[in-house]
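Enquirer: Chains as they are written, first to last, in my numbering: chain A, 553 to 871; chain B, 131 to 271.
Hints listed in this document are in silico derivations from the structure and should not be mistaken for laboratory results. A couple of the hints might just be wrong.
[To be verified] In silico DSS-like cross-links for lysine-lysine, where the CA-CA straight-line distance does not exceed 27 Å:
id: 1; chain 1: A; residue 1: 601; chain 2: A; residue 2: 556
id: 2; chain 1: B; residue 1: 219; chain 2: A; residue 2: 775
id: 3; chain 1: B; residue 1: 219; chain 2: A; residue 2: 869
id: 4; chain 1: A; residue 1: 603; chain 2: A; residue 2: 693
id: 5; chain 1: A; residue 1: 558; chain 2: A; residue 2: 639
id: 6; chain 1: B; residue 1: 205; chain 2: A; residue 2: 842
id: 7; chain 1: A; residue 1: 826; chain 2: A; residue 2: 639
id: 8; chain 1: A; residue 1: 558; chain 2: A; residue 2: 601
id: 9; chain 1: A; residue 1: 693; chain 2: A; residue 2: 639
id: 10; chain 1: A; residue 1: 775; chain 2: A; residue 2: 786
id: 11; chain 1: A; residue 1: 786; chain 2: A; residue 2: 871
id: 12; chain 1: A; residue 1: 826; chain 2: B; residue 2: 135
id: 13; chain 1: A; residue 1: 854; chain 2: A; residue 2: 751
id: 14; chain 1: B; residue 1: 258; chain 2: B; residue 2: 135
id: 15; chain 1: A; residue 1: 854; chain 2: A; residue 2: 842
id: 16; chain 1: B; residue 1: 258; chain 2: A; residue 2: 842
id: 17; chain 1: A; residue 1: 869; chain 2: B; residue 2: 205
id: 18; chain 1: A; residue 1: 871; chain 2: A; residue 2: 842
id: 19; chain 1: A; residue 1: 854; chain 2: A; residue 2: 869
id: 20; chain 1: A; residue 1: 871; chain 2: B; residue 2: 205
id: 21; chain 1: A; residue 1: 854; chain 2: A; residue 2: 826
id: 22; chain 1: A; residue 1: 693; chain 2: B; residue 2: 135
id: 23; chain 1: A; residue 1: 775; chain 2: A; residue 2: 854
id: 24; chain 1: A; residue 1: 603; chain 2: A; residue 2: 558
id: 25; chain 1: B; residue 1: 219; chain 2: B; residue 2: 135
id: 26; chain 1: A; residue 1: 693; chain 2: A; residue 2: 751
id: 27; chain 1: A; residue 1: 603; chain 2: B; residue 2: 258
id: 28; chain 1: A; residue 1: 869; chain 2: B; residue 2: 135
id: 29; chain 1: A; residue 1: 871; chain 2: A; residue 2: 854
id: 30; chain 1: A; residue 1: 854; chain 2: B; residue 2: 219
id: 31; chain 1: B; residue 1: 258; chain 2: B; residue 2: 205
[Said to hold, decoys possible] Label-pair restraints from in silico Cβ distances:
id: 32; chain 1: B; residue 1: 266; chain 2: A; residue 2: 777; range: 35 to 45 Å
id: 33; chain 1: B; residue 1: 226; chain 2: A; residue 2: 683; range: 19 to 29 Å
id: 34; chain 1: B; residue 1: 226; chain 2: A; residue 2: 626; range: 40 to 50 Å
id: 35; chain 1: B; residue 1: 164; chain 2: A; residue 2: 865; range: 50 to 60 Å
id: 36; chain 1: B; residue 1: 164; chain 2: A; residue 2: 847; range: 45 to 55 Å
id: 37; chain 1: A; residue 1: 702; chain 2: B; residue 2: 223; range: 17 to 27 Å
id: 38; chain 1: B; residue 1: 134; chain 2: A; residue 2: 670; range: 35 to 45 Å
Glycine is no exception: its CB is placed at the ideal position from the N, C-alpha and C atoms.
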Amino acid sequence: MPDKVKLAYFLSGGCGGCDMAIIDLSETLVDVLPYLEVVFWAPTVADVKYKDLEAMPDKSIDVGLYSGMVRLSEQEHIARVMRRKCKVLVAYGACAALGGIPGMGNMHTREDIFQTAYFDTYSTDNPEGVTPQVRCVVDGKYELTLPEFYGYVRPLQHVVDVDYFSGGCPPHHSFVGQAVVAVLEGELPPPGSWITSGKAVCDVCDRNPAGRGEQRHLIQSVKRTIDGVPEEGKCLLQQGYLCLGAVTQGDCGSLCPQVNIPCRGCGGPIPGVKDFGLRAIGSIAASLEKEELVEQIPSPVKLFYRYSLPASMLGRKIK
Amino acid sequence: MSEWKPNIVVFACDWCTYQGADLAGSLRYEYPANVNIIRVPCTGRVEPEFIVSALSNGADGVFVGGCHPGDCHYKEGNYKAMRRFTLLKMVLTGMGFEAERVRMEWISGSEGKRFAEIMAEFNRTIEKIGPNPFRRDSNAG
Ligand code: SF4
Ligand code: SF4
Ligand code: SF4
Ligand code: FES
């Protein structure tokens, strides 16, 4: 084992849940902490500034974890700085690797988003019609700046080269532990791959008919999560709840189906799948009994691309 | 714009529509030269990824042709294809594509004339709705 692994962490366009997943490592974190040196963790944990990171020698950091998507010019800038300073850069969590929940913003234009956020929402009081500006002058002499809000959300790999991807919203803490240990022991998969067990959520789900000696049949109805209560122990998809566990990486250990919630794909696509939503469309449609059921699927774009729209082949709604 | 010709991609099942296209050729029924046929073993083999790859690479129209219901060589392939296609079309229209830009039809090996007619008609439809908006949108950045 090397002396100390230098680690940088950046929370970009995300919610901080990915940071929490690292803190949740608890004992594992305590075990590995002596081998880690956190040189940068902004803005949540360490008191470091961008200029500190910018001043570090290139390739002086062993591992950089980038969490969150890229929407702002500031986030793009730090992505580039992280790429220069880190030997290994990881797109950490669904937002960084796929675009994540905020990636659904790609169904709307920037103008629509500003209109909703700064004018139309019930709680908004904005009589002067103020919207974010990249630059403005206050009192005729103070120049203030804000990062540019780009037209679309991008996953990290659309901005810089990424060495590894990790899914999950957030990644499951036990899995984060394994990944950290793999980095420490230098046992990483080939660059460009996902850090995953390679198993689908269905493979690790107790409800899987295959594990219970039952046959799968075609689905007879389409249900939303608010429709009734799923039968205990029985596959959610077989009951009509559109569970995407078959095409999702199961590093979470099938957390959602355990609590009656169908998998929505936060773990990212199973190995070999380029476009999560399209594979999910193929898999769900093929398991429905009749064509009329297809038309009952509510909001299909946001169902199948809940976590991965910006990383998909089309990437965003056409204007 | 007057010289613009749509780029049309056709996924044709080898057991029926592809034979229909062949027949159209040997009987000298004319259909537009900008129709590019890709032979597939069955419409059940046409993954949503294929159709979207064609669109994201600039195809202006995508057509899937297969065996009539009940006639699929692999029994269920075309039923599965139909459900996938319907769902994919819902997603594509949600993403801003015109519903007419993608189309699925059943054309048998003996329907050479019908193949040629449907191709001419699909070509006219695409000419009317114009170039693939994804191409315009991504060029705009
Ligand atoms: S992946 Fe989920 S937990 Fe992580 S930053 Fe994005 S929204 Fe938050
Ligand atoms: S479809 Fe969902 S509920 Fe059914 S086995 Fe797969 S993960 Fe479990
Ligand atoms: S079951 Fe699916 S949506 Fe739920 S945590 Fe696991 S991968 Fe994410
Ligand atoms: S063999 Fe022609 S559609 Fe299946």
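Enquirer: Which constraints among the numbered hints does this structure fail? Numbers only, ascending.
Expert: Hint check: 9, 11, 12, 16, 17, 18, 20, 22, 26, 27, 31, 34, 35, 36 fail, others pass.
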